[in-house]
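Colleague: For reference, the chains in residue letters:
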Amino acid sequence: MSKRGGNKDKRCGSTHVEVIRRQFHGALVSEEWQSEEQVTMTIRADSVPDVVQFLYYRRGGWLSVVVGNDERPINGNFALYYVLSMEEVDRCICVIRSEISPEAGAFPSVAARVPACVWGEREVRDMFGLTPIGLPDERRLVLPDDWPEGLYPLRKDSMDYRHRPELAADLENYEFLNRAEPGTTTVIPMGPLHITSDEPGHFRLFVEGEHIVDADYRMFYVHRGMEKVAETRMTYDSVPFLADRICGICGCAHSVAYAESVENSQGIAVPERAQVIRSILLEVERLHSHLLNLGLVCHFCGFDTGFMHFFRVREKAMDLAEMLTGARKTYGLNLIGGVRRDILADQSMKTIAMLAELRRETEQLVEALLSTANFESRTAGIGILDPAVARDYSPVGPTVRGSGFARDTRFDHPFDGYKRTDKVARVHDGCDVKSRTLVRVEEFFDSLDMIQSWLENTPSGPILNESWEYKPHRFAVGFTEAPRGEDLHWSMTGDNQKCYRWRAKASTYSNWPVLRSMLRGNTIADAAVIVGSIDPCYSCTDRVTVVDIGKKSQVVITKQELEDYCRDRSRSPLSGRG
Amino acid sequence: MNEILLAIIQPVLLLLAAPLFSGVSRVLRAKMHTRRGPSVFQDYYDLIKLFKREDVRTRDSGAPFRIMPVLFLATVLLLAMGVPMITRFCPIPALGDFIVVVYLLALPRFFFALSSIDSSGSYPGVGGIRELLASSLIEPSMIIALFAVAIATGCSNIGDMGNALATLSFTSPIAMVVAAFAFCIACYMELGKLPYDVAEAEQELQEGPLAEYSGPSLAMIKLAMSLKQIIVISMVLAIFFPFGSAVDMAPASLALGLLAFLVKMSIVFTVCALIENTVVRVRFKLLSQHTWMVVGCSVLSLAFLVMGI
Numbered sequence: 001m002s003k004r005g006g007n008k009d010k011r012c013g014s015t016h017v018e019v020i021r022r023q024f025h026g027a028l029v030s031e032e033w034q035s036e037e038q039v040t041m042t043i044r045a046d047s048v049p050d051v052v053q054f055l056y057y058r059r060g061g062w063l064s065v066v067v068g069n070d071e072r073p074i075n076g077n078f079a080l081y082y083v084l085s086m087e088e089v090d091r092c093i094c095v096i097r098s099e100i101s102p103e104a105g106a107f108p109s110v111a112a113r114v115p116a117c118v119w120g121e122r123e124v125r126d127m128f129g130l131t132p133i134g135l136p137d138e139r140r141l142v143l144p145d146d147w148p149e150g151l152y153p154l155r156k157d158s159m160d161y162r163h164r165p166e167l168a169a170d171l172e173n174y175e176f177l178n179r180a181e182p183g184t185t186t187v188i189p190m191g192p193l194h195i196t197s198d199e200p201g202h203f204r205l206f207v208e209g210e211h212i213v214d215a216d217y218r219m220f221y222v223h224r225g226m227e228k229v230a231e232t233r234m235t236y237d238s239v240p241f242l243a244d245r246i247c248g249i250c251g252c253a254h255s256v257a258y259a260e261s262v263e264n265s266q267g268i269a270v271p272e273r274a275q276v277i278r279s280i281l282l283e284v285e286r287l288h289s290h291l292l293n294l295g296l297v298c299h300f301c302g303f304d305t306g307f308m309h310f311f312r313v314r315e316k317a318m319d320l321a322e323m324l325t326g327a328r329k330t331y332g333l334n335l336i337g338g339v340r341r342d343i344l345a346d347q348s349m350k351t352i353a354m355l356a357e358l359r360r361e362t363e364q365l366v367e368a369l370l371s372t373a374n375f376e377s378r379t380a381g382i383g384i385l386d387p388a389v390a391r392d393y394s395p396v397g398p399t400v401r402g403s404g405f406a407r408d409t410r411f412d413h414p415f416d417g418y419k420r421t422d423k424v425a426r427v428h429d430g431c432d433v434k435s436r437t438l439v440r441v442e443e444f445f446d447s448l449d450m451i452q453s454w455l456e457n458t459p460s461g462p463i464l465n466e467s468w469e470y471k472p473h474r475f476a477v478g479f480t481e482a483p484r485g486e487d488l489h490w491s492m493t494g495d496n497q498k499c500y501r502w503r504a505k506a507s508t509y510s511n512w513p514v515l516r517s518m519l520r521g522n523t524i525a526d527a528a529v530i531v532g533s534i535d536p537c538y539s540c541t542d543r544v545t546v547v548d549i550g551k552k553s554q555v556v557i558t559k560q561e562l563e564d565y566c567r568d569r570s571r572s573p574l575s576g577r578g
Numbered sequence: 001m002n003e004i005l006l007a008i009i010q011p012v013l014l015l016l017a018a019p020l021f022s023g024v025s026r027v028l029r030a031k032m033h034t035r036r037g038p039s040v041f042q043d044y045y046d047l048i049k050l051f052k053r054e055d056v057r058t059r060d061s062g063a064p065f066r067i068m069p070v071l072f073l074a075t076v077l078l079l080a081m082g083v084p085m086i087t088r089f090c091p092i093p094a095l096g097d098f099i100v101v102v103y104l105l106a107l108p109r110f111f112f113a114l115s116s117i118d119s120s121g122s123y124p125g126v127g128g129i130r131e132l133l134a135s136s137l138i139e140p141s142m143i144i145a146l147f148a149v150a151i152a153t154g155c156s157n158i159g160d161m162g163n164a165l166a167t168l169s170f171t172s173p174i175a176m177v178v179a180a181f182a183f184c185i186a187c188y189m190e191l192g193k194l195p196y197d198v199a200e201a202e203q204e205l206q207e208g209p210l211a212e213y214s215g216p217s218l219a220m221i222k223l224a225m226s227l228k229q230i231i232v233i234s235m236v237l238a239i240f241f242p243f244g245s246a247v248d249m250a251p252a253s254l255a256l257g258l259l260a261f262l263v264k265m266s267i268v269f270t271v272c273a274l275i276e277n278t279v280v281r282v283r284f285k286l287l288s289q290h291t292w293m294v295v296g297c298s299v300l301s302l303a304f305l306v307m308g309i
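In order, the protein sequence lines correspond to chains A and B.
Mapped onto UniProt numbering, the consecutive letters of the first sequence carry residue numbers 1 to 578.
Mapped onto UniProt numbering, the consecutive letters of the second sequence carry residue numbers 1 to 309.
These are calculated hints, taken from the structure and not from any lab test.
Any given hint might turn out to be false.
As the list claims (entries may be wrong) - When the alpha-carbon atoms are kept at most 25 angstroms apart in a straight line, the in silico SDA-like pairs for lysine to any residue are as follows:
no., chain 1, residue 1, chain 2, residue 2
1, B, K193, B, F269
2, A, K316, B, K31
3, B, K285, A, K156
4, B, K285, A, G430
5, A, K471, A, G267
6, B, K285, A, F307
7, B, K193, B, P11
8, A, K156, A, M234
9, B, K193, A, L365
As the list claims (entries may be wrong) - Which chain A residues stay away from chain B? Per the calculated CB distances, all over 12 angstroms, these:
no., residue
10, A180
11, E199
12, R245
13, R391
14, Y470
15, P513
16, R516
The C-beta atom is built at its ideal place from N, Cα and C for all residues, glycine as well.
Next comes chain B alone, as it looks inside the complex (with noise of 0.2 angstroms):
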């Protein structure tokens, strides 16, 4: 009964934080580039300026373009049920199978991509494209490795996992410290940020898919955006890192596990905005060649688990 209760109010809360997030990440930035820079809140009143907006929609589009952003927004919700963030354990289990999850991922992905190239700008086009790619060359190498955790856990569940890792009960430790880099960078490009932003090259594509958005809609794709920014990372930090997560329903483990999983957050928060501010964006022809690093790295963790090391 706590679990459901957990898997109601996490997705709510995550909702409500999600621009906190984002807001962090604007400021991080702003102060890297000598500015001034917005308010940590400065995400919440866009949101909510953008859904007192008019929805505008190109005369051309069709369907898939007017569903993409509540689907998107409605696939992270129910992503953000199952994945344990400040619990050892998936709220849902159903919802924490690694598999559930990546396809769960790629489902609003697909949409995305559908609705840029239904909204018929040449723009939004382009880079529905980009994201279709980049994701196909992503993919592969983050199922790799979770398929070698599983392997080497003996479980699919990402609580699971996580729990298994956390109590060293597992396989093959060098086959998992591959996994875990692999599985980090993997998740590093999945999230959309600078130098893999390709899709969205504000510079090259004027936001690409984004472009022909307005109003509400476009306000839901943000939320939704931060949200999996937010998802994405908790699922690295559940499976390779779950260290200080509750691992029952006690009051006292959750108020633990919620500042564990603060600290961690906002960890990775600065790592990534470190990242992103520092590099160019890499130039689209040559994301396959990043990608090809990933995907062999979770190669090898495979080969190493299949020898036993």
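The shape of chain A in the complex, shown without the other chains (with noise of 0.2 angstroms):
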């Protein structure tokens, strides 16, 4: 790997570079910046799990996620990154990067040191069909229960993003982990689709009564193959607007952090004035995430009124997205190098005005809540993050920040607007939802700041950069912090102005394997608020009931017959029916 030119000890990471270095000989192959603040190093593949977990615990870094990539095509191996956000000393991304050669088709695992890599490693293991070694867990992640052995939907030269492979087996044979002694505990399942959750995911509760003696779930039901997609058939320039629809909440947070993992790797300069749009739009999106996440919370206590009152605010914060996109959601508004649409001067003005009202609005419904009857009781000491465990599992947003660690991108490592902040994270040490839903309430009123602040000192000058050279071959980060947490893309241009690779980690992932913790000690009443509190984002299903209003006829279309016709495309359920 060659190395950019400038003066290298003056950039962020360089003293990580250098403890590296010194304690591990020979295990540093090269060193990379792909900007100011971001590193890679290739290491020694053996010597991998020593680095992370140095760099881990001993560095203050903290796991963002696992990214596999097939470079055979490039340099003839496989490669993983492991992306590490130093948060202590030298704050800075750095990206521990190893080569697999496709013979040995192994690595050693990074997971038995440091838990936070296990859903990384599983997803690669399941994605590439690299084995780690000394996995501690050894279950498919993403991959269905009933997808064949041997076929890995990210190599290269795997499968077409159409295939539709046999399947293996008819049986859901996933194996839900419990440490209790066998025949103590019963089984509570919640989900695939519970009332609460309205969206697919699995949980499995065992109980002893109320009492949830432990808990664990699957997930990647809804999987939608974005990665496959995007480098089978999507230009790199056209991936934000895929990236949007990661999430129906914070689609913008996406593409942002899609938009600056191609704007570092390829050197753009982003014009202030869109760097302060993207951080208004962001803010906007925080502002309708975190009401929802309030009003949810009521739900979840039995308390619909509130909940209700909520709904009625966030739809003014929606409003304010209107205002600001054209639409509801604050979609299609990133490009590579800058943003479509300015921020313009009325607009502005009648934001503020806007602001206001929310900021009083949700005051008053904040102070009802926190004094309604059995809030307290129901969320104060509920549902535990141990911050060992935290610390662990790199939780991201309020998830961890409501157990004392101030972790928060727009503070740690500052882009776009948020360099223009005087605003710090904010911290609770109650580890329970209660402390997470606080956590919330006072970042809304610090979204509302921020705006005011940035639409009063709008910098001004263009909208986007289109001055710059496209080359292929180039990687590196991108981030924001989401309402729910960080939200990192790795992306690797190529040939063709395809996308090469592209990783998306939403916020979510990372928040997910702490829960089963979360779950321990609490009762079945409890389960859904602490599902709740960590703000979960899955993605939608639902099977069909077909009602012919001419005919007055209803049918009810089974799993079968759709599960059938997701495998062969013929005898649509509706063919003959309506």
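Could you use the hints to bring the two separately framed chains together as a complex?
Modeller: Quick look at the structure:
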């Protein structure tokens, strides 16, 4: 790997590189800076667990994501990237890269040393067929139970994105983990579709009476294969519009993160005005997302009046988004190098007026909520996220900030408009549902302040930088703080302006693994509010009822029929019925 | 003879009117949510739709699951014959004894819990256990409070108790006030409204015991549940607030009694709506702390009674 020019010692992360070079003789193969704050070190594969563990526990690193990449067409090897966010000394993004030869097809697992890597390594195993040696949990993560063995979707030579393989089994044979003595607990299934989550995720609560002894869950029921689609049929500049669609709430956070990953890898300077507009939109997203979660906390506690009132106020935040972006969702605004739409003077005036309204109404509602009977007893001391567990698993957002860690990408690694704010991360140390809720409340008001100050001092100038040249096979990280926590995207550009590899890590991905420990020791009554307190984000699916109003007939399509249709794409359940 | 007629008409009218009362509750709830809300007749539409639907049972369920809806509805109808509503006396005195009433309330509850365990679902199972536990926490305070009233008034019939309290022919007034307080709270818990709807907690247990029911069975249970709410409230009104109810079977006093009943009922429903929409559901584990307070109050009333104040 070639080093880019410039004075490398002034760059962030150079102390980490020096320490690694000194402490681990011969482990460091090369280092490369993608931007001032990002360094990628290529490490010999067998030293990776030591180096990641050292950076994680000794140098204040937190794991963001593990990225697998099939680089055989480029250099003949697979590559693994452990993305660490260094948050104590010499703050930067430190990426540990290692190459794995296709003949070996295996690598020493880091998860045994740093539990935060478990999901990442399980995903690499599913998607690339690389075996992490010593991985503590060898179940599938992303691929469904009936996916055939030996077909690894993200290998470049494995399959077309339209390919639908023959299914290997009809059974759902996922093994749920339960640490209790066999025969002492009853299983309470929550999901795949549960009334309070309204999205598919399968929880198993192992209970003694009302008491939750252990819990486990299965996710990825609606994995949409976006990364594969982006790699195979999209150009690098159309991916932001797909990234928007990752989430129904924080779409803008994803497209900003993707756009910044490309901007970092290509060295594109985003105009200041565009940076501030991006931050404003990100904070508008936070406004309506936090109001949503505050409403849901009410709902999970059985306080629907609060839920309805928070949603009434939230509608104003949606109006705000509509005025600024033209749609209720902050979608379709980001381009590589800037944004598509400017904020005009009168919009900015109206926004400031609406912010005042939002502030007043939310203050009243929050005050009412906190003084509502039983609210305290339902949220205080419930769903404890032990700081030690949090340190091991690197959760993000209000989930970790409710456990006393001031982790907030906006202030740890200031980007865009956040360079021009004096706010700091909000922290509570109750470790419970209440702390996480209070963090959200405070962040909501901080967002109002930040939007207002940016609108009042928006730098003038262009909103899009188009004078740059496309360079293939460059990679970098882009990140934002979505309402639920850090969204981190890793992307690599390819030939013909294609996206070679795109890894989108949504914030909830980092938060699921700690949920198991949060559920333990609580009661069934608390399960919904605990799951809700990480503000989880799944994706939606449903079965279908077909009602023919003309014939007054009603047909329910069974799961079997839908499954059959999904497999062979013939005999549509709708044909001949409507 | 007229009393027999009343005992037949009363449950029938109540059966027809119960969905209206629950419909009013839903409208009040919607107003407090700042929603437009459904029509007051929505519960009639729901019930009609449910009665047209197929009745589905889980494969492993047995007899208790099947008979519970019928038994529940039949028991509350029987109760509706005995509890005084527009009159001050019980239409059928034998059904108006407080011990009969309290245990007639306990009978469907027992089957309610039994059927939920029988339904072989895990959520109904947990809901059934909660229902049993909640009732064993609430029942003693109801019984003790009524026992105190029975001693103070010298009669065990609900109608006679109400009459004695209304005509001030009883001992220990302070004991009666405390008993009334305890009984009202116990009855509010018995209504199964928030914050005490632990057995059916939608967000926690997906409606608990009701989760496995469908079609006509579900309709019967829903009907029976709204009937039971009216009966529990009428019982409170008949004993402690009998004002305006008819003392004889003359048409004029019956009409006045009906009017008074409707007015009192709507006041109670409004108060209940206010309470249930401004609280967070109690954590099931903490329910016993709430019921201890009520048990304490009812025992206090008994103590005051013994002291004669």
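Colleague: Determine for every hint whether it applies to the structure shown.
Modeller: Hint check results:
no. : hint            : in the structure
1   : B:K193 / B:F269 : holds, 11 angstroms
2   : A:K316 / B:K31  : holds, 20 angstroms
3   : B:K285 / A:K156 : violated, 54 angstroms
4   : B:K285 / A:G430 : holds, 21 angstroms
5   : A:K471 / A:G267 : holds, 10 angstroms
6   : B:K285 / A:F307 : holds, 24 angstroms
7   : B:K193 / B:P11  : holds, 23 angstroms
8   : A:K156 / A:M234 : holds, 15 angstroms
9   : B:K193 / A:L365 : holds, 23 angstroms
10  : A180            : holds, 16 angstroms
11  : E199            : holds, 15 angstroms
12  : R245            : holds, 29 angstroms
13  : R391            : holds, 29 angstroms
14  : Y470            : holds, 51 angstroms
15  : P513            : holds, 24 angstroms
16  : R516            : holds, 19 angstroms
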